[in-house]
Amino acid sequence: MKSVSRIFSHALDLTGWSISRRSVLTGALATALSGTLLGSAWAQDDRKTLRIVQSTALKVVDPIFQNAYPVRNHGYLVFDTLFGVDDKYRPQPQMVKDWSLSDDKLTYSFTLRPGLKFHDGTFVKSGDCVASIKRWGSRDTMGRILMDRVASMNVVDDSTFTIVLKEPYGMVLDSIAKPGTYVPFIMPKRLADTPADQQVTEVVGSGPFRFVAGEFQPGVRAVYEKFADYIPRSEPPVWTSGGKVARVDRIEWIGMPDSQTAANALMNGEVDFVEMPPLDMLDILEQTQGVVVKDVMHVGYNNAVYPNWLNPPFNNQKIRQALLLSLNQKDVLAAQVGNEKYYSECKAMFVCGSPYATDVGAPAGPDIEKAKQLLKEGGYKGEKVVILQASDIAMHGAVSPVVAQALRNIGMNVEVQPMDIQTLFTRRGNQAPIAENGWSIYNGYWQSVDILNPITNVGVSGRGKNGGWFGWAEDEQLVSLRQDFIKETDETKRKQIVEKIQKRAYDLVTYVPAGMFNVPYAYRDNVKGLLSGPGPVFWNVSKD
Amino acid sequence: MLRFLIKRLIATLPVVVGVAIVVFLILRLAPGDPAAVLAGGTATPETVAEIRQKLGLDAPLLTQFFTWAGLVLHGNLGTSIITHQPVWNLILQRAEPTLSLGATTFVVSIVFAVPLGVLAAWYHQTWVDRVVMIISVLGFSIPAFVVGYLLVYLFAIDLKWLPVQGFANISRGIGPFISYITLPTITLSLFYGALIARITRASILEVLGEDYIRTARAKGLRESTVMTRHALRVAAGPIISIVGIGLAMLISGALITESVFNLPGLGRLTVDAVMSRDYPVIQGLILVLSLVYILINVLVDIAYAVVDPRIRY
Amino acid sequence: MTVTTMLDRPAAHSAKTIWRNTTVVIGMTVMVSLILISVFVPVIYGVDPNDIVPIQRLKPPSVEHIFGTDAFGRDIAARVLYGGRVSLLMGALVAFFAITVGTLIGVISGYFRALDQVLMRIMDGLMVIPGILLAIALVAVSGASVRTLIFAITVPEIPRVARLVRGIVLSLREEAYVEAAIGLGTPVYKILWRHILPNTFGPLIVQATYVAASAVITEAALSFLGAGLSTDIPTWGNIIAEGRMYFRIAPWIIAFPGLFLAMMVLSINLLGDGLRDVLDPKSSFSGRT
Amino acid sequence: MSEPVLQVRALSVDIRGGGDRTSAVANVSFDVAPGEMVCLVGESGSGKSVTASSVMGLLNTANLRLSEGSIKLCGEELVGASKARLRELRGSRMAMVFQEPMTALNPVHRVGDQIAEVLRTHSRGMTRKQIRARVLELMRDVYLPEPERLQYSYPNQLSGGQRQRIVIAMALALKPALIIADEPTTALDVTTQAQILSLLRGLQTRYKTGVLFITHDLGVVAEIADRAIVMQSGRIVEEGPALEVLTRPKHRYTRMLLDALPVAVARPPRFEPDAPIVLAVKDLTKTYDERSLFRKSRSTKAVDGVSFDLRRGEIVGVVGESGSGKSTLARCIARLITVSDGRVEASGSDVAKLPNRSLSGYRRKLQMVFQDPYRSLNPRMTVAQLIGEGMANIGLSQREANERTRRLLDLIGLDHSVTSRYPHQFSGGQRQRICIARALAMEPEILIADEAVSALDVSVQAQVLDLLEDLRSRLNLAVIFITHDLRVAARICDTVAVMHRGKIVEYGRAVDVFAAPQHEYTKQLFAAAPGTDVLGQMVRH
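Residue numbers (this note's numbering), protein chains in the order written: chain L, 1 to 544; chain C, 1 to 313; chain D, 1 to 289; chain A, 1 to 541.
Fair warning: there could be bad hints in the mix.
[What the hints assert, rightly or not] Covered stretches of chain L (chain D as the covering partner; in silico rule of three or more C-beta atoms under 8 Å from a C-beta of chain D): (1) 276–290; (2) 331–338; (3) 402–408.
Because the hints were derived from the structure by calculation, they are not lab data. Beta carbons: idealized from backbone N, C-alpha and C, even for Gly.
Input sequences plus hints: build the corresponding full structure.
Now the structure itself:
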């Protein structure tokens, strides 16, 4: 804690205090307050309760309804999946005991493990699984593509059901094992029959933890208890596959809108685990006794900067290319992440280090002169560029000023409009011109698992206003290439299609990849057994 | 008195209705969209549109307003768009931390600020007065979040005496309750206490010029008796009324303080609701807050009448 | 509120006392220096507050960057000095508009009985909504620009000014010289303009200082809650709000703007207190509520 | 002769940072013997109240400083005594009765408690029961009705006279050797004043207390004083037995005071009896409704069916105590407030019911001068602006207005150079002249003077009255003169209307009314006027 004292004394010097006076005060107060109050304050803390902080608090409890990482993580605690994936993104049976594929490659047959129970005491039946897949399939991008190819889903008996395809499709298991949002969680049929555009508010799953509805305060805390009737698989846990053994009795998920507060609480031992500690505090956290900072996930985040194709100037390809060339990933990452240990430049649109990673089509590096020239060629007339900035989330908001600076460097007229993230989510949906609250650029970041291929990476869909991602990049060629990819079952050919897509996307600048970063977990050193994977899951985790 | 109170309450009805309508309109004019919030950050535009339709947010404003007003008239504040929980439950869940913070701040401020204000007036234009005034101006001048962070670093992180964040229900015991509420209370009291100390000083200085103070001195009373029994008693009226208005300001102050200390109170609920455009929650909150505000004012009137026999309603 | 006692004092005399009052002198000096620095900052400090230099991020105060740098490698000193322009402007404009509109409403409502009820009910309604909440909502409606923020911070201040002015007008209305003017057949607008308005100036100047101070703080609070100005336009509030993440590793980011903010609010408050003492030694707490 | 209870020697009090005047009291010496009533007489600024405060040790040290002298209470030196000792003496050995009974009592404590407080503070030995008994005894001593009940009242529930009795009871509580009474009756109505004076006199005799009685009113001096000390500008100018000072004044200043004193003997009317009627008031009624949402509304009649005529050149005096409705009447006639019922006829038309916007012609014809010259002039306007305001309203050009202003300044006896000055640069009397000039600028036919001289010192009063009298005869003005002061009324009025509870109870030529009042209330009022006997005789001499 030396560093803290030093910093603090620095801050105090500014206010005119002297250190010696402070220590006198400290001493006096310490004796007055010693122990008694604090001892009881944390008496409830014990080894059977895990207190965690995730990037945001839980408000919506239906993981098929809301597309957000924390809700997915909540889903993994409460619900189980038919398949999980291992650390090589390979689907592995989870609830499913056996499965088979017919020789015509059209009929998948699944048998559930015996004895699986929902938290309301009923047994998991195949009818529940079919209903759950249907609901998910009406919502998820990959789910919809799957459903387009499904002829029927049939309940054979209580523990067996089949999926019959119209044509062979290679990604059936990848789809239902999918770890990115939305995850096809299994819930009871009575709940799964709810339309997907309507929230399910009752939380009944068959996962290793039970949701304690009575203690749920939306935005404040969510409480889970070990589900005694859960039967874990016998394999060791890897990612979302293998045995999910609950090793704590209770998990309290505390909402903390301010990540700095979360870090402080961790250092003070008030919480055990912080999913996304503020990157700039990592040094301090590392130096704090009793706190471990470790990149357990091994799944990074990928920055994406989206230009709006509908509004000038970025309705012009040349000017979009100027944007691409003006931006230095390193600047973005330095401002956003700071510590080089946790970021790397990455030009691959489908995640560096993944099967489809490639540098095809990407420029060699930023080139200000060329960017200026392109701007001139594109006939830029000084139209105002409006950048939406999420000022309440540091990791989000930090990108915008760097983009603004880059565009100003090449002579563009830029205005950064700060807003809270929720407003940004709304504003980015506005297709109107700048004058009517429209926008030119916004940025976000995707977890790697969400953009591993051209199906899930919506930035290259090319569907424009017709179901395309915000920015509404439209290109026939991209749309048909994507279809080719879906139909193609040969891996080598798939890779070729991916290269074509990426080349095309870079040429058109559907969006600008702006680097990759990892966020390590920070946790108390008595927390053991955290698993790598797309997000924090808390089976296998114990407290010493 | 009772008649006056009823009258006051009835007179405030139009205010509440007006506030409800204005808030409703402001919110609906805001570009935010709960559907987008609800769907999540990585949901596609199609999904958002589906949800918007489902929520009935496409309906004309007037229809939406009357639907809501109808519910309220039946004593139902509706359900949150985001969490699907009854608004009334949300408010009750979050009321305790805010009420606790309000109560402790109120008590701490008065216990410290009133005597300080009296001292400052008593030793008017001496160093005592100046010190009190400087402290109170500082209390006004430093933003609550700066004070909050300073306190957290000093008492929670560096010294580890008190928790960084959070709240313990009083049912968990007085010890935990106090340890969690102390820092937020100090933060808020610094501001609120500064206000009270200033008013106390000013009100007493005003009263000190009155003839009955001269009478009291002519009676040979001790200066301390003159200050408390005579000056403070009379000054109590104005002090109470400002303290009452100040209570309403506490709500604003609580907004910031609750964020800094992660107190799950009404302030945070309000900010969250505004940020996520959770219309029913915001509307319900404003309605409840205005009623509380009015109630506080009525209580202030009663208190004023209790301390000052000249006031008769 | 004894308006007349205060006004009976000869103007020359009170001008002299103003300068004899140390609080006023200190407040005035600090504020004038801050204003001068803000106005002339492009001349005296030629660093661009928005110049991002990622490799220079989070550097402590040094000869090169006297106040250090922030997470984008921007120069804090430049940001603080430029930030003063917006914060001061904001304080001044909010005070100006709040006082102008509040006075108008207060005068009308104090003088015309018929409108009093309606106007005061509207003011009550505005007071019911916590100021910051109203500001957040307004910012949410039209986005954060200097104009919106000024509007959003001004609106909640208006009822207080209006109530103060109304109170003064109600008491002035009973003044014998107003009756005398009515007796002389002076038209209403002239009565308001010549007899009533000038006498609200003293309390209003004092009130204005408090409004200005609270505007600066509210702006900071809004930034803190994520409803402030773009960091392209540095203000003390958004520098602090942005820097709070780095408080532990780079305390200078919030220390310097915090210091300037506190200094300015302090000086305005001192000025207000001093003026109050000078202008109206008997007046009580005149409505900063 | 026994030792004096109060011995003041060479007392001087300096004004801190004072401009043209550096001392409030200079070299003042006097004694008060036990059982003696000494009156300290003087106009405002004479230093009489500062002297009293010095004795009590209650000087406002912010701007006053006791520079030298000695004050001995029963032989004990007070100058330089410790604060604690002074506190002990206050209330027990010396007590004070203040001018404003309305504000001298703490509004939030019961009056019984406020009396008991003195006992509790100074007599430690008394039991609660004894204190209670003594409080009741004191309240009986000052003739308060039903002390058992009254002791639980708050000050605002008592009348002015009752409050002053409470203050006196407080002063008497510990049978002090000295009571200082600072203008104790000035704020009271004449009838109440008479009662309080006789009470003080009676108690003083009974308790053998020395009283230092401070007053500006020579009538009061005549009524009660054993000895009179006349002060002017911080110095004693004359001292002696009261009767002697009043009847054979030696000093010029004392003589001036006496001369300025209006005498309650009216003079005959001086207007033409058949002069045209300029204003006729008929059955004028002003009702104040107390509106209530839930109750039947209550109404009080402030003015109740008042009728009288006003002829050109006539001065009508409207006389009455506070609350009699005389000021409301004036405001109704001037149409500063609405009239509930009745007629006000001027130049053939009824203005009682005219809407405000149609009143400009009437406003020109009728002007008003208010009681408090300090408050009726806008402190931010120059004399030229003040006098010119009305003329601008009726469309006179700047040149004409300037011209007329100069003439008016001549008329009221102020120099032309004053036009650019502000009200605070003038004395009270001068300000009232400016008010009169402002009214006359409209060239009115009727002037209403509402207590126009009440706030002025006697000497200044006389000057203003003379001015009014002079203007009346020169401009043939009709004047409605509202006053509570009978002597003033007697001096200036041709006709007198006595008001009581909203009604005119007696109306007639001043000479007749003053010589032989008919109505019971009028008789009471006249009898109560202080010093009528002594001063009346004086004049006859």
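Out of the numbered hints, which ones does the structure contradict? Violated hints: none; all satisfied.
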